[in-house]
Amino acid sequence: MKRTPEMTSVSSDWESFHATDISERLPFFAKDGRIYDCLFAQQFDRALLTHLFETADALRGLTATKEGMDYAGSLLSHARAMLYFVQPSTRTFLSFLNACHILGIRTSEIRDTSTSSEVKGESPEDTVRTFSSYVDMIIMRHPTPGFVEKTAWLMNRTNRPVPIINGGSGKDQHPTQALLDTYTLYRSFKGNMDNRKIAMVGDLKRGRTVRSLTYLMRNYRNITLYFVSPKQFRMEPDILDFLKRHDMPFIETEDFRSVMGEADAIYMTRIQDEHDKAGESRAVDYSPFHFRAEHLKLIGKNCVIMHPLPRRHEIEVTVDDDPRAVFWRQERNGMWARAALISYIFGVDGKIRKG
Amino acid sequence: MKRTPEMTSVSSDWESFHATDISERLPFFAKDGRIYDCLFAQQFDRALLTHLFETADALRGLTATKEGMDYAGSLLSHARAMLYFVQPSTRTFLSFLNACHILGIRTSEIRDTSTSSEVKGESPEDTVRTFSSYVDMIIMRHPTPGFVEKTAWLMNRTNRPVPIINGGSGKDQHPTQALLDTYTLYRSFKGNMDNRKIAMVGDLKRGRTVRSLTYLMRNYRNITLYFVSPKQFRMEPDILDFLKRHDMPFIETEDFRSVMGEADAIYMTRIQDEHDKAGESRAVDYSPFHFRAEHLKLIGKNCVIMHPLPRRHEIEVTVDDDPRAVFWRQERNGMWARAALISYIFGVDGKIRKG
Amino acid sequence: MKRTPEMTSVSSDWESFHATDISERLPFFAKDGRIYDCLFAQQFDRALLTHLFETADALRGLTATKEGMDYAGSLLSHARAMLYFVQPSTRTFLSFLNACHILGIRTSEIRDTSTSSEVKGESPEDTVRTFSSYVDMIIMRHPTPGFVEKTAWLMNRTNRPVPIINGGSGKDQHPTQALLDTYTLYRSFKGNMDNRKIAMVGDLKRGRTVRSLTYLMRNYRNITLYFVSPKQFRMEPDILDFLKRHDMPFIETEDFRSVMGEADAIYMTRIQDEHDKAGESRAVDYSPFHFRAEHLKLIGKNCVIMHPLPRRHEIEVTVDDDPRAVFWRQERNGMWARAALISYIFGVDGKIRKG
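Residue numbers (our numbering), protein chains in the order written: chain A, 190 to 544; chain B, 190 to 544; chain C, 190 to 544.
It should be emphasised that the hints constitute simulated quantities derived from the structure, not laboratory data. What you were told as hints is all true, and nothing was included just to trick you.
Heads up, simulated BS3-like pairs for lysine-lysine below, C-alpha to C-alpha not over 25 angstroms straight-line:
1) B:K255 with A:K220
2) C:K255 with A:K255
3) C:K394 with B:K309
4) C:K360 with B:K309
5) A:K309 with B:K420
6) C:K255 with B:K255
7) A:K540 with A:K379
8) A:K255 with C:K540
9) A:K386 with A:K490
10) A:K309 with B:K466
11) A:K540 with B:K255
12) B:K379 with B:K486
Let's have the full structure, built from the sequences with the hints guiding it.
And the structure:
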């Protein structure tokens, strides 16, 4: 199709919007002083994080009884959500789906585009707008960088926008993963987030979660970060620059053992070999970046071991039984943190009181 | 397997039933003076259309509040539906699914037969009967012509029939598409359906929606139809004969511009090149059958622009912002019209009152 | 990965557990005197079967009205279940799904592992533990023998176990199929289960359902079993030994007609040619093991004809209309028996009273 002036203007509008700094774009995704579309970790400040964590805690307390669960399930019983996951992610999908169900939201699922109208030549933007017609919120995971943000931007220009939540997209942001990781620290530290030493271990170059978590750590005071990785997979310079700009101390090392005794939290990650360009993972000995049962005696008695999962061999299975291994709780925290976020976006967070 | 006399008799019963005129078959799919299985656009007469549209409008009003939505969700909270979509159609699927959810119906989904028992040698009729065992209604889209009707016919001979709704099948009927198109006219015209001029534009030969919509227009008085298409894709003779038989005026033209100022509604359609036998679409210049932004000044101030979607390039994206572009509302109308239809089939339409 | 002593100990723990006799393993899957994980037909004794059947009957009575259905739907409205079906089975899947919905349980579905984290190198045990994080029960069908039991065993060692229900796995047990088959006999015999003659017909060697049903028949007094099969597909020796050990009479024959007049129930099965190693099914004339319309006059007036479905040609379609053909009711019984079982596992069976 020949591009007409009008169509070009839509595209160029988006391109010029997208080119502006994120801080200038954020107001476009807010409404009445609240997050409307949840797209970036940068949308969470300390006060909001604390509020969401308290809401998640309250929701857990509330739903410990049948009566409380039925009450929670009445809060958004009038709402319908679409989970539009065209990039595989069963874990995040299920976490969001059950977060919706806790609040009583009815759900529709797209987990594969092969059956959608995209095959009939429809633009991805039209497809998403179509799906939005039937629901009150879209939770979206999409492989194309920027697509989720563009969808939110487009929807906000229509006369029937719905909130869009970024469920993790390409190499883009995955804000609710950062939210649940921080919530896990918050619970592990009993709310005392300042003055902590956090070790991030493994493939820091290509892991999306450690990047987002680092951004969120800026919300707390006197955080020291240890970046423990093979030299091939060191944390990227943009993150290190970010830390320098904000006067946040960090230490890079290949010696995992040297930081074990220091850390308040150890955040393990797997090697991201799906991003290999020429088998570079095979050239790396990743075993020094494994956490083994024998290490349990080297870490502090309150130090917690985290992992975004899935794991391969970075953490020995027998470590799971140690109370400091919190990665299974971390997964569950994700469901509660997401439920809290959704309740907040719909403005029913104020109705959640500990049971 | 050798066919026994008994089996032959089932088949021949169906074949002789199916061979009778549609007007003779309709009573078999009704119950207590209502549609039981919704299979054909011919099941809708003017009074019923008006009733369904008023019900859909009332449901929208009712559900504008949380209390109203919770009330709507209680109407069929005891019912379970199966969406059996073995022909790809995310759009229609989601529209029906959310229509069910608005009424509180619990849903099961089959969107692919590859996992079903059909692979173990079961007949399609047994498969559907199995699925019907667990639910109170089946909404079905199936590629085999006549299959949906045959299923309804078979189920009605058992001691546990359930209503069957045709979700669009092969080149067969797609009655709820015709319903939502007419509902969109009804809303656009504020209920004044008579004395209208409606232009249908594009690939009229192979578009199912324009055929069904033409049938439904017979319910209204003094309707004039403009059929605007390339000469290769003119409306089929059977439809033109139908119009002549019922004294309904129509005009065929290739000149889209000439009718723009006349029409009360312009129904755009895409080229149906998936039905090409030898690339005949490529031989056609379809651009004269596009609606561009520059055309907005040529149409009447109350003229509405419709499209069954998905679109390719038939309507420029910037047209979307004009209040006369109602195709996005049309999609949403589908969900409400289907919810109204389902409430009617279950006999709870009388409980829907504007909130 | 090199196996460390700790990992080996988990594996060897499971292997030594799994090697013990089933009667010793059962207590590990029970809690507070009830089944917690439903894995084996051996978990059902006569008293429990009767209780579950009475519960299923009561649930049907209760749910005959909208009020009763809404009450049933409130019983487990606080619970969430995951249906993890990585082996194709639409029939069993839908039966369980709707059983959950009857009780108000919210459901998540995994019907295919290709999108799961298994592709990222996660162990199947971790995958299941992940999924369990979000829900209160898992209903699982998995192709690997022993996998469902191992999952239940592993989950019971964690600090957040959830009940696991075996939805049929490989050549393993399919306990709820045996439950629904026995429930169908119970309803057909109006609760009088003793002194019955039951014919099992077809591919007895490779059919899982006839094996499980035979086990459950031991719970009743004076049951005589007829095993009617081609000589290539006779019931396996382990089952015959089981019957001898428990003094249960049985007769093996190839002459279907000879037992038709004797049986109180005829349990038909299809040829299981998907288990063929070298096309052995094609060498067998299966037609003597078909039930044809002409046989209806040979069986007793209260004899019932069952089939686990799907069928191919073992039962002529015209037989369906005879009131003694109960296989369609058998399918529906499955949903109710499963709902009764789930209500029992969650301890809300006591709240189900006939409406």
